[in-house]
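Asks: Chain residues, written in single-letter form:
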Amino acid sequence: MRFRSTLALSLLASFALAAPVGAQDQPTAPEPTSRTALIEQAEQEKFDKLAPAAPGKAEAYVARISDAFLSGNMHLHAFWQNAYSGGGFTIGAGYLTYVSPYNLIDFRGSITGSGYKRLETEFIAPELFGRRGRLSVLGGWREATQVNFFGLGQTTKQEALTNYGFTQPYLSANLEVFPTRKLLTIGGGVELSQWRQEAGSGNSPSVENKYTPETLPGLGAQPVYLHTQATVGLDSRPARGYTRRGGYYAVTVHDYHDKDNAFGFNQVDYTAIQHIPILREAWVLAFRAYAQTTYDKSGQAVPFFLMPSFSGGSDLRAYDSWRLKDLNSLLLQGEWRATVNRFLEMALFYDAGKVAHQRSDLDLHGMKSDYGIGFRFHGPISTPLRIELAFGNEGYVLNFSASQVF
Amino acid sequence: MARRTTTSFVAVVLLGLVAAAATVSTSGRKFYDDDPIARVPESKSAVNAKELDIDLFFEYAFNLFVNASKTPSNTPAGNINTIDEVPDSSWFTNRIGSTPMTAAALAKGPNSDTPPAPEKWTLLREKSAGTNPGFTARDANGQTWFLQFDTPDFPEAGTAAVEINTKLFWALGYNQVETFVTSFDRSKVDIDSKATVKRPNGSRTPFTEDDITRVLERAARNADGTYRASAGRLLPGKVIGSFRYQGMRSDDPNDLVPHEDRRELRALRVFGAWTNLVDLKAGNTLDTLVEENGRVLVKHYLQDVGSSLGMANNEHEWDMGWEYYYDAPATKKRFLTYGFALSPWQTVPYTEYPSVHIFEGDAFDPTTWKPQTPVRAYIEMRADDAFWAARKVMAFTDELIRAAVHTGQFSDSAAEAHLASVLIKRRDKIGQAYLPAINPVVDPRLEANGALSFANAAVDPGFSEAPRAYRAQWFQFDNATGATRPIGDTEGAAPSMRAPGGLPGETGAYVEIDIAADSPAHPSWSHPVKTYFRRVADSWKLVGLERLP
Chain P
24 MRFRSTLALS
34 LLASFALAAP
44 VGAQDQPTAP
54 EPTSRTALIE
64 QAEQEKFDKL
74 APAAPGKAEA
84 YVARISDAFL
94 SGNMHLHAFW
104 QNAYSGGGFT
114 IGAGYLTYVS
124 PYNLIDFRGS
134 ITGSGYKRLE
144 TEFIAPELFG
154 RRGRLSVLGG
164 WREATQVNFF
174 GLGQTTKQEA
184 LTNYGFTQPY
194 LSANLEVFPT
204 RKLLTIGGGV
214 ELSQWRQEAG
224 SGNSPSVENK
234 YTPETLPGLG
244 AQPVYLHTQA
254 TVGLDSRPAR
264 GYTRRGGYYA
274 VTVHDYHDKD
284 NAFGFNQVDY
294 TAIQHIPILR
304 EAWVLAFRAY
314 AQTTYDKSGQ
324 AVPFFLMPSF
334 SGGSDLRAYD
344 SWRLKDLNSL
354 LLQGEWRATV
364 NRFLEMALFY
374 DAGKVAHQRS
384 DLDLHGMKSD
394 YGIGFRFHGP
404 ISTPLRIELA
414 FGNEGYVLNF
424 SASQVF
Chain H
681 MARRTTTSFV
691 AVVLLGLVAA
701 AATVSTSGRK
711 FYDDDPIARV
721 PESKSAVNAK
731 ELDIDLFFEY
741 AFNLFVNASK
751 TPSNTPAGNI
761 NTIDEVPDSS
771 WFTNRIGSTP
781 MTAAALAKGP
791 NSDTPPAPEK
801 WTLLREKSAG
811 TNPGFTARDA
821 NGQTWFLQFD
831 TPDFPEAGTA
841 AVEINTKLFW
851 ALGYNQVETF
861 VTSFDRSKVD
871 IDSKATVKRP
881 NGSRTPFTED
891 DITRVLERAA
901 RNADGTYRAS
911 AGRLLPGKVI
921 GSFRYQGMRS
931 DDPNDLVPHE
941 DRRELRALRV
951 FGAWTNLVDL
961 KAGNTLDTLV
971 EENGRVLVKH
981 YLQDVGSSLG
991 MANNEHEWDM
1001 GWEYYYDAPA
1011 TKKRFLTYGF
1021 ALSPWQTVPY
1031 TEYPSVHIFE
1041 GDAFDPTTWK
1051 PQTPVRAYIE
1061 MRADDAFWAA
1071 RKVMAFTDEL
1081 IRAAVHTGQF
1091 SDSAAEAHLA
1101 SVLIKRRDKI
1111 GQAYLPAINP
1121 VVDPRLEANG
1131 ALSFANAAVD
1141 PGFSEAPRAY
1151 RAQWFQFDNA
1161 TGATRPIGDT
1171 EGAAPSMRAP
1181 GGLPGETGAY
1191 VEIDIAADSP
1201 AHPSWSHPVK
1211 TYFRRVADSW
1221 KLVGLERLP
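Going line by line, the protein sequences match chains P and H. Residue 224 in this note's numbering sits at position 201 of the first sequence, with consecutive numbering throughout. Residue 823 in this note's numbering sits at position 143 of the second sequence, with consecutive numbering throughout.
Hint data in this document are derived by calculation from the structure and do not stem from the laboratory. A few of these clues could be false.
[What the hints assert, rightly or not] Once the Cα atoms are required to be at most 27 angstroms apart in a straight line, the calculated BS3-like pairs of lysine-lysine come out as:
1. H:Lys-1221 / H:Lys-1210
2. H:Lys-868 / H:Lys-730
3. H:Lys-918 / H:Lys-868
4. H:Lys-807 / P:Lys-205
5. H:Lys-800 / H:Lys-874
6. P:Lys-391 / P:Lys-233
7. H:Lys-788 / H:Lys-918
8. H:Lys-807 / H:Lys-874
9. P:Lys-80 / H:Lys-1221
10. P:Lys-72 / H:Lys-868
11. P:Lys-80 / H:Lys-730
12. H:Lys-800 / H:Lys-878
13. P:Lys-205 / H:Lys-878
14. H:Lys-874 / H:Lys-918
15. H:Lys-918 / P:Lys-72
16. P:Lys-140 / P:Lys-72
17. H:Lys-868 / H:Lys-878
18. H:Lys-807 / H:Lys-750
[What the hints assert, rightly or not] Computed Cβ-Cβ distance ranges for the label pairs, DEER-style:
19. H:Lys-750 / P:Gly-211: 51 to 59 angstroms
20. P:Tyr-373 / H:Glu-995: 39 to 47 angstroms
21. P:Trp-359 / H:Glu-995: 18 to 26 angstroms
Just so you know, even glycine gets a beta-carbon here, dropped at the ideal spot from N, CA and C.
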């Protein structure tokens, strides 16, 4: 920096002010007789002190990190997804490595303060069928220690809280196809897993202390499922992780086949999402409607732990996780988002949800609702941090998430 | 923090030394015989300059979170000659405003007479930077080109912007890459046997047909199945990276002025506003080692000037040219009002053409225009830098602007006319904003008979009313000591006046004439432009002009 300052002043004098600055400082140098000679003298002085051009320490450090990202050599990454909703603050990490120019394997794990654990490995082939398909093969194991259960139905009380735990090994494969590369999406998947219920370790009573297998379908069961699903949808969003425009409309059909034919069932999910930008995206009105309906197989029951519910963080945001649960559910959400800058948006939101034993009862009457404000730190296609304060008639909740709400 | 303090201290001490030296010197002269120099000597070889990578993320972060909060230092430009002009150098060549320019010359710009031969393209590698799709390819003549296509939503827009701005920035004086509009026919494409593409895992593997498909899927396709492309010729010499908009290359002996103090880089704030050149960053510059007159010099290029005009890269980047990527005041305003404090870009009306997108001149304000991130040279621009730049912009006649726009080869003549009209409007806004802002006396001439004449850069194009009067203070000037002796004062309503009696007549004599204007609308014009003339044979030569201290 000292070198630079000297030259700056020297040149300023050389070019315009015409004060022969170096004359007294360097008595041995002959006094230039022309402007050209004066500048040439400065060039000679710098020539004698040349040094390699190199970035500073901070820039070099940033460059190393960005190079690692761009070169595919960034193997370690954070992993914020917990084993199951309601586990609390999560820490986790993963190790990602490419097995071919495009395909990769990710080894990852997470743990929460309440002991939820998740360990899994995912293989991703993102560019199948001429970049029209994406395959994910996932295998892992997870444990949830204190999953909330408030009973079945819309009118359950907060005081009815019990909890249960489970472990689950799982192996799944999901293929998503974009036949036209735009808009139309078709997906299919298969998963083999076993749900092993355990007593809850939370502060509330464990679920088996309040219910019996006769009063709560699936209590104590350890079903092994072959779960298949198929989705067809229209997706006009520029990106799934963050968008200000476009929509997503999809239907997903599930078949849960219990190896013992005791707890098999079918389920259909309906999703409708639309983002409406206003005034060049100064604001965005965003809406989501989501319904889950289950269909029992003759002689089999839908186990309570797989019934449609609201997990909390992205649906009924002012309520405890898994606050409502029954055979069918309906969720309606609206957000008024305001663009603050390219990386931050705010949102005022309203959620309403309802569960029902009968599909015909899925209407707008008696819905639980909440409202709140959120702040989303985002990039062009992802939302690394979402902070929301939600208020409902059972209190308020401060949510942190590493994903877009919808 | 400690480092900054130390640097500031050194600068203050050095400033003191300079001042002291100038005060006590008895031999210091203000002007040399070769003043004003027209070209910087650049006398030393830079053969040992090595490639320098400048990290994009670091530069963005530094610009947004360090430079954006800097206040201008008010340091005069460091590379101007004694008449307040930028001499030619490896950075800049005086063209428009200095020498007459025809529409044909402007339309040709930096181009040679050998456009690409698109009868056959041999692909060499992918395009690694920028948002528009493209390739590096060899044409039928074996020349290497960087091909860039338009995006499907904005056919012709991106390639036209490259063509037009290449011509404009060449005329403004910058080193530019040769570019041509050409065509790309997939049926006439080969893949070089050594061509590779960088994959997500970091490896380079052979270029495949699917890699071509992947790029062309993102490109606007012509009705006949071909693709329109902008072809930039491979630069001569050895590329050694980019230049920064601040600091200097420590391995280039001829790089003596901190880049933030280079007037032609500061002036990009004005030229960028005119053309909406928002992507000011090191990554859009190139330094090359070239041999000239037996010396190896670092030649500095502005490249990729296509992220400009109607910003046709992305349908939804409405804020380009209006805000930085992160703009603290705008962020605060929208945050506190939940977005109800609307920014101009949210409401300004546009006349949109697919081949232009969003570019307008009515709401445009050159003084509030912003690039994506504020480089240091942008921050350091002073009023005299802006004045110099505005005169360059005003040197583009309507005819020249239309000639430049025509090189975009638009198929829609209405779009072409619209784009030209917007550039004309923005040119005039620039002149209106910057020319009257300081004393606009320009082009002073002192005839042998003592007749002084000059022009008014704000009044002549009609941006300001003529001042009530011009006043000139005349001095004999001692070039050896800087001492002055009054000769007399003159005054007149017109930009010309006669010298008072007592003007020296001997060869080598100097006079200083301080010219001010009395304009109630422009109090700043009362600050005189100091002009200096040296007697040579039977005439007076302008050797000095100081517009601002």
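Asks: For each hint, tell me whether it holds in the structure or not.
Replies: Status of the hints after comparison with the structure:
1. H:Lys-1221 / H:Lys-1210: holds, 14 angstroms
2. H:Lys-868 / H:Lys-730: Violated - the C-alpha atoms of Lys-730 of chain H and Lys-868 of chain H are around 38 angstroms apart, more than 27 angstroms.
3. H:Lys-918 / H:Lys-868: violated, 30 angstroms
4. H:Lys-807 / P:Lys-205: holds, 24 angstroms
5. H:Lys-800 / H:Lys-874: Judged against 27 angstroms, a Cα distance of about 17 angstroms means the pair holds.
6. P:Lys-391 / P:Lys-233: holds, 25 angstroms
7. H:Lys-788 / H:Lys-918: Between Lys-788 of chain H and Lys-918 of chain H the Cα gap is close to 25 angstroms, so the pair holds against 27 angstroms.
8. H:Lys-807 / H:Lys-874: holds, 16 angstroms
9. P:Lys-80 / H:Lys-1221: violated, 50 angstroms
10. P:Lys-72 / H:Lys-868: violated, 53 angstroms
11. P:Lys-80 / H:Lys-730: Between Lys-80 of chain P and Lys-730 of chain H the Cα gap is close to 18 angstroms, so the pair holds against 27 angstroms.
12. H:Lys-800 / H:Lys-878: holds, 24 angstroms
13. P:Lys-205 / H:Lys-878: holds, 25 angstroms
14. H:Lys-874 / H:Lys-918: holds, 21 angstroms
15. H:Lys-918 / P:Lys-72: Since the Cα atoms of Lys-918 of chain H and Lys-72 of chain P sit roughly 23 angstroms apart, the hinted pair holds (cutoff 27 angstroms).
16. P:Lys-140 / P:Lys-72: Given that 27 angstroms is the threshold and the Cα spacing comes to 60 angstroms, the pair is violated.
17. H:Lys-868 / H:Lys-878: Measuring from Cα to Cα gives roughly 24 angstroms; hence the hint holds.
18. H:Lys-807 / H:Lys-750: Violated, at about 35 angstroms.
19. H:Lys-750 / P:Gly-211: 51 to 59 angstroms: Hint holds: Cβ distance 56 angstroms, inside 51 to 59 angstroms.
20. P:Tyr-373 / H:Glu-995: 39 to 47 angstroms: About 30 angstroms separates the Cβ atoms of Tyr-373 of chain P and Glu-995 of chain H, which means 39 to 47 angstroms is violated.
21. P:Trp-359 / H:Glu-995: 18 to 26 angstroms: holds, 23 angstroms
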